[in-house]
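Peer 1: The primary structure of each chain is shown beneath.
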Amino acid sequence: MRAVCWNGVTDVRVETVPDPEILNPRDAIVRITSTAICGSDLHLYDGYIPTMKKGDILGHEFMGEVMEVGRGVKNLAVGDRVVVPFTIACGNCFFCKQELWSLCDNSNPNAAIAEKAYGYSPSGLFGYSHMMGGYAGGQAEYARVPFADVGPMKIPNGISDEKVLFLSDIFPTGYMAAENCDIQPGDTVAIWGCGPVAQFAIQSCWMLGAERVIAIDRVPERLLMAQTWGRAEVIDYEQVDSVVETLREMTGGRGPDCCIDAVGMEAHGHTADALYDKAKQTLRMETDRPHALREVFMACRKGGHVSIPGVYGGILDKVPLGAAFNKGLTLKMGQTHMMRYMKPLLDRVIAGEIDPSNVITHRLSLDDAPAGYRTFRDKEDNCIKIVMKPHGDGLTHRHSHRHESGVSGMEGEFDRGASQNPRTEEEFH
Amino acid sequence: MQDVATRPVHSYQSTGTYKRESDSTHRLTTLLGTTVVAVSGAVLAAYAFKQRSWPAAGAALATPLVYRSATGRWPVPDAVANKVSEVPTPIEASVTIDRPAHQLFSYWRQLENLPRFMEHLESVTDLGNGRSRWVAHSPLGFKVEWEAEILEEREGQILSWRSLPGAQVHNAGSVLFEDATGGRGTVVHAVFELQPAGAFLGRALGRALKPITKQQVKEDLRRFKQLMEGGELPTTDGQSAGQRPMINIHNPL
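As they're listed, the protein sequences go chains A and B. Read in my numbering, the first sequence has 256 at position 256, and its numbers run on one by one without any break. Converting from the second sequence to my numbering requires adding 1000 to each position, the first position being numbered 1.
Watch out, some of these pointers could steer you wrong.
Straight-line C-alpha distance at most 30 Å; calculated BS3-like pairs for lysine-lysine [said to hold, decoys possible]: (1) K163/A / K389/A; (2) K97/A / K332/A; (3) K343/A / K389/A; (4) K343/A / K1218/B; (5) K53/A / K1143/B; (6) K332/A / K389/A; (7) K116/A / K332/A; (8) K1218/B / K97/A; (9) K1214/B / K97/A; (10) K163/A / K379/A; (11) K318/A / K332/A; (12) K278/A / K332/A; (13) K97/A / K116/A; (14) K1218/B / K54/A; (15) K74/A / K53/A; (16) K278/A / K54/A; (17) K1214/B / K74/A; (18) K54/A / K389/A; (19) K1214/B / K343/A; (20) K318/A / K116/A; (21) K343/A / K280/A.
Rather than coming from a laboratory, the hints here were simulated on the basis of the structure. These numbers were taken from a predicted model, which means no experiment stands behind them.
Isolated chain B, as found in the complex (with noise of 0.2 Å):
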C-alpha cells in the first residue's frame, strides 16, 4: 500500500515537471516589484496618451512585455500567474472497482476508451509505438490537440503517460491497479496532470483549457466504475420532467 502511495509522486519528480515553491519573502518581493512595475506603467500610459504622445503610451504599455522578456515572468502576483500556468498540479484520487485488475487496465490500455469516461476528451488516438493522439474540448468551444507517449507499462498493473515536448497543453497521467484486500476488487488509484504548456502561442490557445480539478478526477473514476460494474452510466439526461422554471430559485445545481 505505501508503495501505492508513494510511486506515482516518484514519477513525477522524475519527469522534473515540479518548479521550486515560492517563499515568502520572494513572494514579498515579486508582489512589489510588480507592483511597482504596473502602478508606474499606469501612470506614464495615462500621462502619455493625455499628452497625445503616441511613441511615449506605446513605450508604457510595452513594459509589461520588457519586463516579461527580461525575467520570464508576467509582472503580475506570482499566485495570480500560477493560477493560469506553470506549475503542472498532479490531482490524485482513487476508487474501488469490483472487477480484476487484467480488466480494468486493458479496457484503460485500448486509449480510445478513455472518453467515455473522461469529461474534457473528445477522442484519443492510438499511434501505435506508445505514440498517441489526444483531442480535448475547451470550455470555450474549440478544440485542444496533442500527442503523447506512453512512460510505463505492466500488465494488470500500471499505465503511465505524458505529452510530448513542445504540446500545447503539458498532460500526464498514470494509473495503477492493484488487489483489494479480501478479494474486494481492484483499488484503481489515478494521478493526472493538465496544464497549458509551450510556446507563446500554443499557450495561449492552451490555457483555454482549466487546469484539471480534484473533482474531475473523482468524477472521471467514478465514471470509470459506473462503465465497468455496470456496463453503462447512469443518466437522467433526456428523461421527463414537467415543466421548469427559467431560474431554478429552489436550488441552483
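If we strip away everything but chain A, and leave its shape as in the complex, we get (with noise of 0.2 Å):
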C-alpha cells in the first residue's frame, strides 16, 4: 500500500510499504477513506518531538471501512464504517474505567520511554513517535487499528467522510479545550492561536454557554474563519503591541475568565521571548517555544481557568509560574480523551448543530501529502486544513495499491473482505 512517511526533519515521502495486518486478537484493519494532517503532525515534521525513526508512517486523523477484525473484536464486523479515535486505549485499565482515555496504562509498548521523560507513560497514539508506542499511523491506505473493540466509532451511512471525520481529534480536542475552561454563565473566553483546533474550540465555547469569545492569531485566513464561522472577536497579535493589555481592554480591566492555550510548542510572536525562544529551538537547545503560554498566564484573570490543548513535549523555560500561582489560575491539559465525546459530539453533528467539514480548506491525494505538509507548515494558500482520501473518490481505485507490496497470502482475505462488503463509496457521501 502506499503511505505517508517520516523520513527526517521536514522530509515526508510517500512510499509502497507492506499492508498492514492483525497482530493481536484485539486488532482491527481499516481501509482508509479519509485522512488528515493535523497541527500537531508539523510538531514531527519540523522534528520536535522525539524518538521518530525514519520510515515511520505519519497521521493520526482518519476513518473508513473495516476490512478485517481479530478475534477479540466482537463489537465490529467487516464493512462497518468507523471513525479512529487518535489515542489508544485499553478500555480495562484504572484510567481507562475513569474515562481518561489519553492516559490508557496498557496500550504503549514502548512506555518505558515515556517514564523516563514524563515519569509515567500516557495511551499509545497514533503515528506520533515512538515514545508515544510506535504505531504505525493513519496517513496510508490501510491501516492496523489496537484495542479496536474500544476506540473506533461507528459512523451511519447517509453523512459524509468530510463531516465525521474531524471526530477523529480536533473536534474532540477544541471541545475538552472548552469543557476543561468550566465555562460559567456571563464568562469571556480567550482562544491563543486560530488554527483547526482552536476552530472547534470556538464552536464549542459557544455550545458550553460562553458568553464572549476572543481569539488571537496573525493569519488573515484564521482570523476571517473565527470571525465568520466562528463569531469571534479577534485580535491580530501583528497589529497589537501587548495582547495581554489589548485583552484587558476588552474585558473591562479584569481579564478573560478563561484562557486556552490552543497554539503549543513551535508559538510565534514579535516580542523578545519569543525570539530568544526560536533561537533556542533552532539550536535544539529546547523542544518548546511556550510563548502563547507566557501571554495565557499573564493575561488570565485572578481564580480564573487555562485549558491547554496545544501540545508540549518537553522542559519550558521561562514561563511565569508565578503568575499563576499568585492569581490562582486552575490548569487543565493533556490529551483529549476521545471516547468520552466522540459519540456525543456525532450526534450533534447528525443533528445539524454543527458541520465540521467548514474547516477544510484543501482536499488532496496522498501522494500530494509531501507538498500538503509544506504549504499547511508555512500557512500558504490560505491553507487551513488538508484532507486527503488515500483511494480516490471511487470504487475503481479500490485496492489500486492492496497488491503492491508483495506482501503474499493476503489477497484472498481481503477479496473476501470487499465481496462481503458490496457498498460502494458513493453511499458514503
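Could you use the hints to bring the two separately framed chains together as a complex?
Peer 2: Spelled out as C-alpha cells, the structure:
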C-alpha cells in the first residue's frame, strides 16, 4: 500500500510499504477513506518531537471501513464504517475506567521510554513517535487499529466522511479544551491560535455557554474564519503592542475568565521572549517555544481557568508560573480523552448543529502529502485544514495499491472482505 | 503496607544468600594484593616466555588459579568479581493491576504462564510436589536450565520459589498480592533474584545469563499487567513501515 512516511526533519515521502496485518486478537484493519494532516503532525515534520524514526508512517486523524477484525473484536464487523480516535486505549485499566482514555496504562509498547521523559507513560498514539508507542499511522491506504473494540466509533451511512472525519481528533480536542475551562454564564474566553483545534474550541465555547469568545492569531484567513464561522472577536497580535494589555482593555480591566492555549510548542511572536525561544529551538537547546503559554498566564484573570490543548513535549523555559500561582489559576491540559466526546459530538453533527467540514480548505490525494505538509506548515495558499483521500473518490481505485507491496497470502482475505461488503463509496457521501 | 515492604527482605535473609558487604579497608587490601599478584604474574610470565622457559611460564599463568584455590576468590578486585557472580542482588518492583488478587495469583501460580511475561524465560514446567523445571535463554543463544521449588504459597497472597541447590543459576522470587486502597485493584509486589551459581562448570554456563536488572523486573510486571488487564501485549512488531535506514542516526533506540 501507499503510506506517508517520516524521513527526517521537513522530509516526508509517500512510499510503498507492506500492507498492515492483524498482530493481536483485539486488532482490526481499516481501509482508510479519509485522512487529515493535523497541526500536531507539524511538530513531527519540524522535528521537535523526539523518538521519531525514518520510515515511520504518519497520521492520526483517519476513518474508513473495517476490512478485517481479530478474534477478540466482537463489536465490529467487516464493512463497518468507523472513525478511529487518535488515542489508543485498552478499556480495562484504572484510567480507561475513569474515561481518562488518553492516559491508558496498557496501550503503549514503549512505555519505558515515555516514563523516562514523563515519569509515567500516557496512552499509545497513532503515528506520533516511538515514545508514544511507535504505532503506524493513518496517512495510508490501510491501517492496523489496536484495541479496535474500544476506540473506533461506527458511523451511520448517509453522512459524508468530511462531516465526521474530525471526530478522530480536532473536534473532540477543541471541545475538551472548552470543557476544561469550566465556562460559567457571563464568561469571556480568550483563545490563542486560530488553527483547526481553536476553530472547534470556539464552536464548543458557544455550545458550553460562553458569553464572549476572543481569538488571537496573525494569519488573516484564520482570523477571518474565527470571525465568520466562529462569531468570535479577534486580535491580530501583529497589529497590537501587547496582547495582554489589549485583552485587559477588551474585558473591562479584569482579564478573560478562561484562556485556551491552542498553539503549543511552536508559538510565533514578535516579542523578545519569542525571539529567544526561536533561537534556542533552532539550536535544538529546547523543544518548546512557550510564548503563547506565557501570555496566557499573564492575561488570565485572577482565579481564572487555563486550558491547554496545544501540544507541549518537553521542558519549558521562562514560563511565569509565579503569575499562575499568585493569581490562583486552575490549569487543565493533556491529550484528549477521545471516547468521552466522540458519540455526543457525532450526535450534534447528525442533528445539524455543526458542520465540521467548514475548516477544510484543501482536498488532496495521498501522493500530494509532501507538498501538503509544506503548504500547511507555511500557511500558504490560505491553508487551514488538509484532507486526503487515499483511495480516491470512487470504487475503481479500491485495491489500487493493495497488492503492490509483495505481501503474499493476503489477497484472498481481502477479496473476501470486499465481496462481503459490496457497498460503494457513493453511499458514504 | 509496612508488612509488604519488609517481608521479602526477611525471606531473603532467611535463605542465607546474602553475603557480607566488603568494607573499604578490605577492598583496599584486596585491590593492592590482587594488583601485586597480577603485575608480578604478568612480569614473570613475560620473562619466562622470553627465556623460552615453558614450565616457568606455565607456573606464572597458573598463579591466579593457585590464588583462587587458596582464597576462594579470583585475583581481581571485588567490584569486578561481584559483577559476574557471588552476591545475588534482589530486585524489587511493584505494579497495581485492576484485577482481583485471587485471579492474579492463580495465573501466576500456573507457572507455565510465566514465560508469557518474563522475557528471559523460555519455559517453566510444573513437576508437581512444588517442584518445577525452568528454562531460560541466554543472550549468547544457548539455554540455561534449573529446577526450583516453591518455598511459600498462600492462595491469593504470596508465592515464593527458589532454585534447588546445585543449579547453574541461583534463581529466587517472591510475589505478593495485596488489595489496593479504595478497591482499586491489587498491588503486586515482586522480588526476583537471578545469578550464576553452582559448581565451576555450571557457573561458567550460568554466567552467560546476565544478572536481572530493575528495568527487566519492571517490564516483566508491566507485561503481566497488560496481559491481566488488556488480555494481550501491545506490540508494533510486524507492523508496516517505510524504508528504514541501516543505522538510525536520529534516535538509536
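Peer 1: Compare the structure with each hint and give your call.
Peer 2: These are the hints, each one checked on the structure:
1. The suggested pairing of K163/A with K389/A holds, with an alpha-carbon distance near 14 Å, which does not exceed 30 Å.
2. Taking the CA atoms of K97/A and K332/A, the gap is near 20 Å; set against the 30 Å cutoff, the hint holds.
3. This hinted pair checks out: K343/A and K389/A have alpha carbons roughly 24 Å apart, not beyond 30 Å.
4. Only pairs whose Cα atoms come within 30 Å are accepted, and K343/A paired with K1218/B is rejected, the gap being roughly 36 Å.
5. At roughly 33 Å between alpha-carbon atoms, K53/A and K1143/B are farther apart than 30 Å, so this suggested pair is violated.
6. The straight-line distance between the Cα atoms of K332/A and K389/A is roughly 35 Å, outside the 30 Å bound, and the hint therefore fails.
7. The hinted pair formed by K116/A and K332/A meets the criterion: a straight-line CA distance of about 23 Å does not exceed 30 Å.
8. Taking the CA atoms of K1218/B and K97/A, the gap is about 23 Å. The hint holds against a cut of 30 Å.
9. The hinted pair formed by K1214/B and K97/A meets the criterion: a straight-line CA distance of about 29 Å does not exceed 30 Å.
10. For the proposed pair K163/A and K379/A, the alpha carbon gap of about 23 Å is at most 30 Å, so the pair holds.
11. For the suggested pair K318/A and K332/A, the alpha carbons sit about 19 Å apart, so the restraint of at most 30 Å is met.
12. Distance hint between K278/A and K332/A is fulfilled; the C-alpha atoms sit about 26 Å from each other, no more than 30 Å.
13. For a cut-off of 30 Å, the pair hint linking K97/A to K116/A stands: about 25 Å separates their Cα positions.
14. Between K1218/B and K54/A the CA atoms are separated by roughly 29 Å; this keeps the pair inside 30 Å, and the hint holds.
15. Proposed proximity of K74/A and K53/A is contradicted: the alpha carbons are some 34 Å apart, above 30 Å.
16. Using a Cα cut-off of 30 Å, the hinted pair K278/A and K54/A holds, with the two alpha carbons roughly 25 Å apart.
17. For the hint pairing K1214/B with K74/A, the CA-to-CA distance comes to about 38 Å; that exceeds 30 Å, so the pair is violated.
18. The hinted pair formed by K54/A and K389/A meets the criterion: a straight-line CA distance of about 24 Å does not exceed 30 Å.
19. For the hint linking K1214/B to K343/A, the alpha-carbon distance of about 42 Å lies beyond 30 Å, and the restraint is violated.
20. For the suggested pair K318/A and K116/A, the alpha carbons sit about 23 Å apart, so the restraint of at most 30 Å is met.
21. As the CA atoms of K343/A and K280/A are separated by approximately 42 Å, the hinted pair breaks the 30 Å bound.
In summary, the structure is inconsistent with hints 4, 5, 6, 15, 17, 19 and 21 from the numbered list given earlier, while agreeing with the others.
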